[in-house]
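Colleague: Here is how the chains run, residue by residue.
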Amino acid sequence: MLKIVGLADEKVESNLRSNDIGMTVQEARSIASILGRDPTLTELFCYDAMWSEHCSYKSSRSTLREFLPTEGPNVVMGPVEDSGIVAIDDKWCVAISHESHNHPSQVLPNEGAATGIGGIVRDVNCMGAIVVATADPLRFGDPFGPKANKVRWVTEGVVDGIWQYGNALGVPNIGGDIVFNSSFDDNCLVNVVSIGVVRKNEIIHSKAPQAAGENCYDVILIGKPTDSSGVGGVTFASEALREEDEITNRGAVQIPDPFLKNVLFKANADLFELVRNLGIEIGFKDLGGGGFTCATSEMGAAGGYGMELDLDLMHKAADFSPEILAIAETQERFLLISPKSLCAKIMRIYNEDWDLPNVYEGARASVVGQVNTTDRFVVKHKGKIVCDVPIKHLTGGIKYQRDEKPRFKNFVEPDIEMLEDMNQVLLKILRSPNIASREHVYRYYDTEVMGNAVIRPGEADAGLIAPIREEKFGIALSVDSNPFYGRISPYWGGATAVAEAMRNVAAIGATPWTLTDCLNFGNPEKPESFWEFRESVKGLAESCKKIWLKGYKNQPVPIVSGNVSFYNESPEGTVDPSPIIACVGIIHDISKAITMDLKEPGDKLFLIGPRFDELGGSEYYRTIFDVSGANVPIVRFDLERNMIHAVIDAIDQKLVKACHDISNGGLACTAAEMAMVRPAKFGFELNLDKAGESIMRTDKLLFSESSGFVLEASKGVEAQLFNLLNDYGLEPMEIGVVTEVQRILIKRKGITVIDLHLDDAKEAWDKGLGEALK
Amino acid sequence: MKIAVVQFPGSNCEYETLVAAKNVGMEGEIFRWNKPPEELSYFDGFFLPGGFSYQDRVRAGAIAAKEPVIKTLIEEAENGKPIIGICNGFQILIESGLLPGTGRVDMALAQNVMVSRGKIVRRGYYCDWINLRHDSSSKRCSGSFIIDRGIQLQMPIAHGEGNLVTSTPGLLERLNEENQIVFRYCDAQGKDFNEFPVNVNGSTESIAGICNPEGNILGMMPHPERAFFSWQLPPGDTSKYIGESGPGRLIFESMKRYIEVRA
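Chains as they are written, first to last, in my numbering: chain A, 1 to 774; chain B, 775 to 1037.
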């Protein structure tokens, strides 16, 4: 027992801290009062994990409920279990999950990033799904700033962790992005997204099934033997990072094992087949944040049952204390709730057929307890009860209404002159680490494993896979969030992240079908950070609602999964608001999908989306003038929706051969990328006279990041394309032509503004990222 | 006709390899490493798929090469049954001495070393589409039985150790003379260029695949099962949108034809 009742606050505080418990005195007192006694150490550890920000969403829950659209005609399951699920057609569904692994990746980049992948693929697999892809949105510090060495070390370690885990596991990495920005110098962001496919009638839920309590279903722990790794992982994720804690924090990082996971997934597939054939409902969940306690109590509580567990039955790496066993975040584990009649068959699958004990020392499946009809969560260790608490109190968590206050801002638009040599300006931007080709990184990722890749990283704005051989549909995936916009306006940062993620999938011809949000912010107890969080959520929700689901007027594109990551700050400051969005798109026939590379000389190039003087946070302002500006790109919701829906139709009708959305670097970079990307055979000539109002300055016309698309029209159907775009109320601008000559040529009023040989542009763009990381 | 795709803990290409084999009309199944090895004799041919068998402990392929199923496979191969090892499967064939077929471990697949203009520009894992040239004659080996000499094929590679090296004197000359060098990396025009990115991993003489003297065993680093359907091709290749077959299909068709001819 840990003494709380009757003690003064300071004494309780010191009792908690000396036992490495992070909860507040008030929280500890509320637990003691519910229990009617002093809690045990194990109980406090369990509550500390379950009531952490990471597990309980105690600061964010009310805001998410207030704004986020989570329902829609295609939603099979919103954000209640480990993954969200949407229907692709009558038969197939896509499951998606999105999380952060920021703090672990900052202190131990390789392991932190690898366990991020490891955790997210379990979230998808445990729904009964085949995991078919991952994507990684990454945010690192300034590679040329004062912390350059650390930033490069973190970047390299994270990329290594991602490929070493994902490639060995055998799940392709088909998307992701990387942004460098000094606000991430001491706190990188490593988000992970995973998608899977599952038949609608074969979804497995992460809760105790009906009648599990009445029939005393087995609770079975599967996988790696529990050790002390990752103790306090969730509380570590729920505090700001301090350098002096680095050694302690390293202990909170879990240890990855893709090899064991690879075998576990195959064994799980046999389990799923077994229960499908028998028509038996089971509960299945991965062990992630909060470890054994979180998985068991959440499964029991979700089914409306209690549970009695015996830590002596658990397979473990050594004789650890009960509080460690209860909350350690040992990787590569699953929890299963199933009828006793299945027990022998299940043990056979894991312990004999797939031979876990010989694949990894100490790994296996073990029955560790039973579900019951009480409302208690009871854990025994060496014959003694070490935890006996009301299960719903443990999982129900607590809720805080945090204060919000706008962050003081002093952003102004700069007074700058256009530079003489625009060739050098474009080259400098193409070489900058935020614009340069990502090839240096994605060649580490196995994008081909499983043989499903249709469109790979670098080939278009989104990746595309065809995961089911006998079906024609494809699943597209893209991610986005621009921290430079978020810094100036968290609201527009949120709104543009959703809009761009949707544009990305539309650019290959897929329809934005669902979204996930991983909300990375600072300490919510600080009103300015909480304000940023709320503003971003409002902005992103607005985009979901107003750029509605194509074919369902006024029905938002639903957000079915996500994660909130607060405390992304160090004593040096907080990260720029980063509501990172992933968008899943569906295309009904993969043969219609298109890539961004220019296809044929003579083809006409069209621009949709007028340019506006809104270069706040733009690559041009930052890279050329080292200023941030004030006017961030906003989302003109009706225009945005019309553009996205029109592009999808135009691609479906084969009117467009190549398409690239306009984002970072504006029109100039977008067009240049279409020429520079493989096979890089052709150049182009653009005439800016047709790109909008004549009053707008040429540099702003070139580099404004207002949303839009550049389209390469198929020959002979330009008029049809024009009409289609007109029907959506758009005004397409015919801005140029694809040329046999390998030059990037841009003119205005008869004067050449930019004239670069494709090879020179490519050299800058190809090498920029490698140089930044050297 | 029935083939087995032999699975080890850590294999990760067995399912798509089986899909490809079945698609050309072979029957088959995945054969788990802990099944009784003698059951392998029911099959007419074998695939060793890609992946990270035994976590690449010691060296890629080294542990799997010592497994009982490989001992049995050696006996099956002596009877002339074909084996195709892809990526990690190739590494296992090298580590077990089945390739180049001298009865000893005479070669190694070392870490990729990307050399450009005489300088090392990168090392280790790399995933990309590459061009291959068939440098042996048709009918010389199981996995390229129906492929004419000089034919170019596009396929993806995805490995960290595909740099084929040997220190055995005269071995390369012999492999060349005996037509055992089956595939080489080449440029888009089919020409040799012994530097990155054409020779993508620094392999000796740009070698991407070899066979044993008898020709029934082929090992290759590129993944034909990932270039089996035309839609899998990269966008620069216009045949992505034409027909249904990708170049990798020829490897599986070859295996089938080899088994038919042998029967």
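No lab work stands behind these hints: they were computed from the structure.
Be aware that one or more of the hints could be misleading.
Said to hold, decoys possible - Chain B regions said to be covered by chain A (calculated; three or more residues, Cβ under 8 Å):
#, region
1, 900-911
2, 973-987
3, 991-1002
Said to hold, decoys possible - Straight-line distance between alpha carbons at most 30 Å, and here's what the computed DSS-like set of lysine-lysine pairs gives:
#, chain 1, residue 1, chain 2, residue 2
4, A, K553, A, K538
5, A, K715, B, K1014
6, B, K965, A, K91
7, B, K776, A, K654
8, B, K913, B, K893
9, A, K604, B, K776
Just so it is clear, CB atoms sit at the ideal spot from N, CA and C, and this is done for glycine as well.
Colleague: Next, verify each hint and record whether it holds.
Modeller: Outcome of the hint check:
{"no.": "1", "hint": "900-911", "verdict": "holds (count 3)"}
{"no.": "2", "hint": "973-987", "verdict": "violated (count 0)"}
{"no.": "3", "hint": "991-1002", "verdict": "holds (count 4)"}
{"no.": "4", "hint": "A:K553 with A:K538", "verdict": "20 Å, holds"}
{"no.": "5", "hint": "A:K715 with B:K1014", "verdict": "20 Å, holds"}
{"no.": "6", "hint": "B:K965 with A:K91", "verdict": "48 Å, violated"}
{"no.": "7", "hint": "B:K776 with A:K654", "verdict": "42 Å, violated"}
{"no.": "8", "hint": "B:K913 with B:K893", "verdict": "39 Å, violated"}
{"no.": "9", "hint": "A:K604 with B:K776", "verdict": "53 Å, violated"}
When each numbered hint is compared with the structure, violations occur for hints 2, 6, 7, 8, 9.
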